[in-house]
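Residues 0 to 212 (numbering that gives the first Met the number 0) make up the sequence shown, in order.
Note that these hints are calculated values from the structure, not bench results.
Bear in mind that the values here come from a model prediction, so they are computed numbers and not experimental data.
Below 16 angstroms or equal to it, Euclidean Cα-Cα: the simulated EDC-like pairs (lysine to aspartate or glutamate) are: (1) K98 to E199; (2) K1 to D25; (3) K167 to D178; (4) K98 to D64.
FRET-style restraints, in silico, Cβ to Cβ: (5) D161 to Q39: 19 to 27 angstroms; (6) E51 to Q206: 21 to 29 angstroms; (7) D179 to D32: 36 to 44 angstroms; (8) P124 to M0: 34 to 42 angstroms; (9) V115 to D179: 15 to 23 angstroms; (10) V47 to P113: 45 to 53 angstroms; (11) Q52 to D139: 21 to 29 angstroms; (12) V177 to Q39: 33 to 41 angstroms; (13) E51 to P113: 34 to 42 angstroms; (14) R169 to G23: 20 to 28 angstroms; (15) V170 to R35: 27 to 35 angstroms; (16) R31 to R164: 22 to 30 angstroms; (17) D119 to G23: 39 to 47 angstroms.
Built from N, CA and C at the ideal position, the CB exists for glycine as well.
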Amino acid sequence: MKVILFGATGHIGRGILEEALARGHDVTAIVRDTGRLTQQHERLQVVVGTVEQTASWSAYAKHADAVIASLSARRDGNMEDVPNTAQTLLQTLNGTHAKRLLWVGGAGSLEVAPGVKVIDNPHFPAAWKPEALAQARALDVFRTSKTDVDWTYVSPAALIEDGERSGKYRVGGEQLLVDDKGVSRITVPDYAAAVLDRVEKNDALRQRITVAY
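The whole structure should be built from the sequences, with the hints applied where relevant.
What follows is the structure, given as structure tokens:
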């Protein structure tokens with residue numbers, strides 16, 4: 000498959016890039032700074048651009064099978080960029096060949112009880128709240144979209160960290176997944192595997208899902 004990847008220089012984005020290349024996919028990585036992506040591969044093409052600079056990548060969408068967005072607003076600090084980016088992707092991809100969009104979402108809007116979200120916990124770190132709320136607004140953008148883009152919003156576990164790739168994980172819906180010890184976690188490599196599985200299986204269309212152990 001031909002995949003466009005935004006955010007390949009980020010923590011999760013690098014994991015997704017490695018997983019996609021390991022599976023034999025052709026990846027076009029759209030990055031702001033090529034100096035931050037030193038990886039070289041015969042199936043990797045690096046292009047300078049951003050989501051907002053649609054002219055930098057829209058031509059590649061004509062031939063891509065899927066687009067994966069692993070983006071964060073922490074670097075610039077403008078949290079409105081998160082839902083705005085979701086809207087731009089949906090509008091730009093609408094009517095193109097690349098109608099499959101995978102979005103690396105947040106865990107803050109997952110439910111821990113009926114009507115109670117992760118972000119509602121008084122112990123939820125205050126520093127994480129702005130981005131968690133921005134990710135929740137991005138989810139609203141997807142859910143209200145009238146485009147023909149088959150999006151999937153993939154929320155990680157409450158804790159996503161470096162670690163080994165086991166290839167094993169559980170898929171949930173709106174509720175936070177926890178293990179038998181009450182812990183919600185997944186490694187970056189296994190999260191990346193879950194994202195690429197959705198691309199290859201073409202499932203969970205127009206849904207928010209979550210993945211964890």
